[in-house]
Amino acid sequence: MRKTLVLIGCLVIGPLTAAAEQQRSPAEWLDRFSASWDETTWGPSQRRGYMRPLDDKGWQARMLALRGIALHGKDAVGPLVRALEEGDVPRRILAAQLLGYLAPDAPREALTKTLRDDDDSAVRLYAVDALGMQGGTDLTETLAPRQRDERNRDVQKHLAYALDRKTQGMDATLRRSLVEWDTALMNSAKVGSPAPDFELVAATGKTYRLSDFRGKQAVVLVFIYGDT
Amino acid sequence: MRDKLATLQEHNAQLLVIDPHESWSAKYLLKESGFETSDVNFPLLLDPTQTVSATYGVAFQMRIHTEVSNRPATFIVDQNGILRYARRATTYGDRPTPQQIAAELEKL
Numbered sequence: 001m002r003k004t005l006v007l008i009g010c011l012v013i014g015p016l017t018a019a020a021e022q023q024r025s026p027a028e029w030l031d032r033f034s035a036s037w038d039e040t041t042w043g044p045s046q047r048r049g050y051m052r053p054l055d056d057k058g059w060q061a062r063m064l065a066l067r068g069i070a071l072h073g074k075d076a077v078g079p080l081v082r083a084l085e086e087g088d089v090p091r092r093i094l095a096a097q098l099l100g101y102l103a104p105d106a107p108r109e110a111l112t113k114t115l116r117d118d119d120d121s122a123v124r125l126y127a128v129d130a131l132g133m134q135g136g137t138d139l140t141e142t143l144a145p146r147q148r149d150e151r152n153r154d155v156q157k158h159l160a161y162a163l164d165r166k167t168q169g170m171d172a173t174l175r176r177s178l179v180e181w182d183t184a185l186m187n188s189a190k191v192g193s194p195a196p197d198f199e200l201v202a203a204t205g206k207t208y209r210l211s212d213f214r215g216k217q218a219v220v221l222v223f224i225y226g227d228t
Numbered sequence: 001m002r003d004k005l006a007t008l009q010e011h012n013a014q015l016l017v018i019d020p021h022e023s024w025s026a027k028y029l030l031k032e033s034g035f036e037t038s039d040v041n042f043p044l045l046l047d048p049t050q051t052v053s054a055t056y057g058v059a060f061q062m063r064i065h066t067e068v069s070n071r072p073a074t075f076i077v078d079q080n081g082i083l084r085y086a087r088r089a090t091t092y093g094d095r096p097t098p099q100q101i102a103a104e105l106e107k108l
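Top to bottom, those sequences are chains A and B. Every letter in the first sequence is one number past the one before it in our numbering, and letter 161, counting from 1, is 161. Every letter in the second sequence is one number past the one before it in our numbering, and letter 107, counting from 1, is 107.
The hints are simulated quantities; they were obtained by calculation from the structure and are not laboratory data. For glycine and all other residues, C-beta sits at the position ideal for the given N, C-alpha and C. Treat the hints with care, since some could be wrong.
Taking lysine-lysine and the DSSO-like style, the derived pairs with C-alpha atoms no more than 27 Å apart in a straight line are [what the hints assert, rightly or not]:
| hint | chain 1 | residue 1 | chain 2 | residue 2 |
| --- | --- | --- | --- | --- |
| 1 | A | Lys166 | A | Lys113 |
| 2 | A | Lys206 | A | Lys216 |
| 3 | B | Lys4 | B | Lys107 |
| 4 | A | Lys206 | B | Lys107 |
| 5 | A | Lys216 | B | Lys107 |
| 6 | A | Lys157 | A | Lys190 |
| 7 | A | Lys113 | A | Lys157 |
| 8 | B | Lys4 | A | Lys216 |
| 9 | A | Lys57 | A | Lys190 |
| 10 | B | Lys107 | A | Lys157 |
| 11 | A | Lys216 | A | Lys190 |
| 12 | A | Lys166 | A | Lys74 |
| 13 | A | Lys206 | A | Lys166 |
| 14 | A | Lys190 | B | Lys107 |
From the structure, some residues in chain A lie toward chain B, with a derived Cβ separation under 8 Å [to be verified]:
| hint | residue |
| --- | --- |
| 15 | Ser34 |
| 16 | Ala35 |
| 17 | Val191 |
| 18 | Gly226 |
Label-pair ranges, simulated between beta-carbon atoms [what the hints assert, rightly or not]:
| hint | chain 1 | residue 1 | chain 2 | residue 2 | range |
| --- | --- | --- | --- | --- | --- |
| 19 | A | Lys113 | B | Glu10 | 32 to 38 Å |
| 20 | B | Gln9 | A | Ala172 | 18 to 24 Å |
| 21 | A | Ala172 | B | Glu10 | 40 to 46 Å |
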């Protein structure tokens, strides 16, 4: 009898744990992210680029928080706007990034205010990206004063991207790709094992799947950060 | 990059480049460097939510141009779909040379 109960217990707890993952609130996800994301692990200041250590786990916490919060859709907007107003820098960056994925449900006023007033350039950069992802309305009027006053070169560049896309917002499949991502795939590429398969759209609009090359060609995958 | 492409053609290998941005900024970057999207003769794949980057363990690991971007990395997948080579950069310029990639392709 006891054995049966233990067995039933295991069967129930398995799915419950998965469900609990899904039900974690945006505020709880933000706290988990803050607990794992160590801003100091960027390492000693280098001339170009700050690299986290190879064994860093903070990036995984960031990825899980992005997905966990995106699952909440519209309901995440309130907690994210609060994080944008009250959080420390890493939290404000994460909130601005997520409000991009939540376009067009993200409030334009909060993002515009952040773009104008936040003293951290990375937060402003993600805020302007999020505004661009909204789509629907011409941003020229909103962004013109920022183009005039913004002092950070990178934020200036992202202001140009946002204006370049005109009224075309984020691709609707983008949020879905995050929400539907299987978190068990995190960091799963191991030498000697099958390369994790994926499907991505190219800049030309054509879709590529890694497994399409199987039996035909070897593939060299080069991950870049946006350089050419 | 051109050297790399020639090396890959000799070894019947396909190059896939993965950029952690939406198509807007990727196209803008190309335009800024004097290219059109159609000028690039390898697929420039876009991973704006960084799910593939996270799968390959390179997402959100470098702070550059004010962004939280991918750690530069190179992987080689053989014809059977097995991952045979992985190099995740530990410094900004840490990437394999075309010769090193050719040597790895020779081994397949």
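Which of the listed hints are broken here? 4, 6, 10, 15, 16, 19, 20
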